[in-house]
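Asker: Take a look at the letters that make up each chain.
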Amino acid sequence: MITATSLSKSYRGTPVVQDVSLHCEPGTITGFLGPNGAGKSTTLRMIVGLTRPDRGTSRISGRPFVELPNPTRVVGTLLDPSAVHAGRSGRATLTIAAQMAGMPTHRVDELLGLVGLADAANRLVGRYSLGMRQRLGIAQALVGEPEVLILDEPANGLDPEGIAWMRGLLRDFADRGGTVLLSSHLLQEVQATVDHLVVISQGAIVASGPLARLLASSSLLLRTPEPAALARALRAAHIDYRPGPDQTFTVDVADGRVTPELIARIALEQQVPLTELRQDDAGDLEQLFFSLTATKPDHAPEAAA
Amino acid sequence: MTNATMTRPDRTAGTPSPPVSLAGIPFGRLLRVEWRKATDTRAARWLLILVAASTVGMMLAPVLAPAKIDQTYSSYLGFAGVGLSILLPVVSILTLTSEWSQRTVLTTFTQEPRRSRVINAKVAVSLLLAAAAVVFGGLVTAAGLGAAAASGRELDANLNLGVVLGYLLYVLLNVLMGVALGALFHNSAAAIALSFALPAAFAVLGYAVSSLAEWIDSSTTFEWVLQGEWSGHLPQITVSVAVWVAIPLAAGLFRTLRREIN
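Chains A and B supply the protein sequences, listed in that same order. In this note's numbering, each residue's number is its place in the first sequence (first place is 1) plus 132. In this note's numbering, each residue's number is its place in the second sequence (first place is 1) plus 1.
Next up, chain B with everything else stripped away, as it sits in the complex:
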């Protein structure tokens, strides 16, 4: 290996420095790098496999228990949405937190000091993963429906735009909740634990004070989204999205921009 590959080109003393106005990092490149980081480790791949497995596993319920579960297209799609939303938020959390836990933010934020661009890329990667997962869930639903139809069952083909939109939003909201918690807590273990513990705690609290549950228990409000029960619930859904997505995401972004990195 020659030294010529190591350093910048020769420059004799006295000549002015080359201009530093090299082009900035395009967002598309940040996106590709963040996609790679989110998917290239063994841990990330196992987690994605588990997301797929839990979705397939959930789909077995309506296929294997026709007596107990509505045999409708929307019911099958709902199981796909719930299956995806168990572990996909964890993928999103890790996309936002693993660089803090592994301390690679030290490199990332010296390579791109405009930290909000990096966070934007991570959020975009999470949404792309969610979109891919939504498509995968659709395929699993089709397979489940196909299996059910092959066994000679009557299935109510009640799919419409509202049902599909509810399914899409349900998955996206769960992913964004993971994104927001990850952006806020900067610590994988804490964010994952809280992503399960906080909604559960608020669900219990909401159980005790049922009028509160409608507003902040995300499992209740997101369920309305999945079932397409918007009428009369829009304010509650909006408030819970603010509490679980918008506010922690904004606070997390603010914290990331301010935080000292060491």
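Next up, chain A with everything else stripped away, as it sits in the complex:
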């Protein structure tokens, strides 16, 4: 279990993380989503004791990270796959981590096989691709048979096959009762992997909750054989919309004012036939992500007409 309460950090007076709280339960995968520079890495570094928060606390399995007697046995971390000694082989790198954690050396060969690096085990890490370093980093995170995993952008540098592999590995880990917290700026990666989502923008959490609930609330899809009439009706009701292909419209419902019932009543009053009125699922998380994190007009999705 991971809990963070009101973590805050400023650098030279500029707040980087503000009042961030997280709660990750055993058996779940939590995605920590946000654009680059949103404060994801700083938050994760505060949780693992590498950065001292200005305010707030965090605990892993009930204890502050820095008070865990042998943290590797409780929590596996992958914060930067490039933070490895280029002059050591993958095997030597893992052997050091295993020795430090007090794990038997046969664990190293098991992990090299698990992450698909058995054939490259004796090559120097300096010659590894980024994807191979991610795999080595995941092996290193798993070395102490932890119950919690904290991974910063673990999908970076992995090919689609590698991402699918990691998804299966993390799902299996969570299904066995493990807790996973992973950060990402790759929406599709998060959407397919996580159960819970915490979205961070400019250092503050802007949305969090089960993935299904966050997806459900973001927009409606409308279809009509008379698009011009529907557009007129929506404008008259001051409802922002985005025209889509095949006589469709999407309407943002995140603010709670617009509901399916409201749309249905407008259509009825203006006598516009609707052939579809449902929650929009395709690409929804992407819209959510942009609507929650966009701060400047030029970064927003197509402005509503």
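If you're looking for bench data, these hints aren't it; they were derived computationally from the structure. Some clues are possibly wrong.
Per label pair, the in silico range of CB-to-CB distance [what the hints assert, rightly or not]: (1) B:Phe-28 x A:Arg-259: 31 to 39 Å; (2) A:His-238 x B:Asn-159: 53 to 61 Å; (3) B:Arg-260 x A:Gly-376: 48 to 56 Å; (4) A:His-238 x B:Ala-247: 39 to 47 Å; (5) B:Arg-154 x A:His-238: 55 to 63 Å; (6) B:Ala-44 x A:Tyr-143: 31 to 39 Å; (7) A:His-238 x B:Ile-70: 52 to 60 Å; (8) A:Thr-189 x B:Ala-252: 27 to 35 Å; (9) A:Thr-189 x B:Pro-236: 43 to 51 Å.
Selected chain B positions facing chain A (in silico; Cβ < 7 Å) [claimed, not checked]: (10) Gly-25; (11) Ile-26; (12) Val-34; (13) Arg-43; (14) Ala-44; (15) Gln-103; (16) Arg-104; (17) Thr-105; (18) Leu-107; (19) Thr-111; (20) Gln-112; (21) Pro-114; (22) Glu-261; (23) Ile-262.
Idealized CB from N, CA, C, for every residue including glycine.
Starting from the known structure of chain A, fit chain B onto it as the hints suggest.
Answerer: What follows is chain B alone, placed relative to chain A:
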């Protein structure tokens, strides 16, 4: 490979978490890990070979130039000490800095968040390496003396406890100076450059102001240690050890404990 090897044992939902009060990391284990890190890369091995080579090289001087150099046991041992102390401090610097330069501190300090224990282990490894080097230097000295004796030279067997102690302390102080600079600067290139440049700069400064040299020029004060010239120099030696070893080591430890790692 089965998944069973990947994760912790199965645990059904609802059962309490296993206790996290697993034993901490014993210092002996930290020491073994740090010894491995200090010696297992190609760069580290080459450097150790160079330390050995420079010691052997220095030993050739008294063997090959008997007319210019005192043919005494203590003089031979002094050459071993100087030979060791050219590059051994660099080994110590790298033991302390390479994890910062390679950014593996990210892993090390998440595996052992009590950072002072890791630094203590690194200092201990440097001292163990110094001890091994002192023994190696003794063997090289014996070989040099053996070669000299085989050529039929008269050698003054003037070894005593003070001479051996001076040699031991000289090597240890040079190693500790490297340790301290490495602990303070967290950057291999900067620490190595400064370990050569700073004493040289202070030596020049000391040359200009000779009364200052006695107190802070480590090459002068450490030379007294090597030659066993303690009498009248103890305050100066103490001050230079404070300036070059104790203060930077303490400041480096403080910095390491506070520093944000990214």
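Asker: Is the distance from the Cβ of Thr-189 of chain A to the Cβ of Pro-236 of chain B consistent with 43 to 51 Å?
Answerer: holds, 49 Å
Asker: Per the CB criterion, is Leu-107 of chain B less than 7 Å away from chain A?
Answerer: Holds. Min distance 4 Å.
Asker: Have a go at the Pro-114 of chain B hint: is there a Cβ in chain A nearer than 7 Å to its own Cβ?
Answerer: Holds, about 4 Å.
Asker: Does the Cβ distance between Ala-44 of chain B and Tyr-143 of chain A fall inside 31 to 39 Å?
Answerer: Hint holds: Cβ distance 34 Å, inside 31 to 39 Å.
Asker: Take the C-beta atom of His-238 of chain A and the C-beta atom of Ala-247 of chain B, compute their distance, and say whether it sits inside 39 to 47 Å.
Answerer: Given range 39 to 47 Å: holds, Cβ gap about 44 Å.
Asker: 31 to 39 Å was suggested as the range; check whether the CB atoms of Phe-28 of chain B and Arg-259 of chain A agree with it.
Answerer: About 34 Å separates the Cβ atoms of Phe-28 of chain B and Arg-259 of chain A, which means 31 to 39 Å holds.
Asker: Taking the least C-beta to C-beta distance, is Ile-26 of chain B closer than 7 Å to chain A?
Answerer: holds, 5 Å
Asker: Regarding the hint that Ile-262 of chain B lies at the interface with chain A, is the smallest CB-CB distance below 7 Å?
Answerer: Result: holds, 4 Å to nearest chain A Cβ.
Asker: Taking the CB of His-238 of chain A and the CB of Asn-159 of chain B, does the distance hold inside 53 to 61 Å?
Answerer: holds, 56 Å
Asker: Does the Cβ pair His-238 of chain A, Ile-70 of chain B satisfy 52 to 60 Å?
Answerer: With Cβ atoms ~56 Å apart, the hint holds.
Asker: Next item in the hint list is Gln-112 of chain B. Is there a CB on chain A closer than 7 Å to its CB?
Answerer: holds, 5 Å
Asker: That 48 to 56 Å hint for Arg-260 of chain B and Gly-376 of chain A (C-beta), does it hold up?
Answerer: holds, 52 Å
Going through the hint list in order, the structure satisfies each hint without exception.
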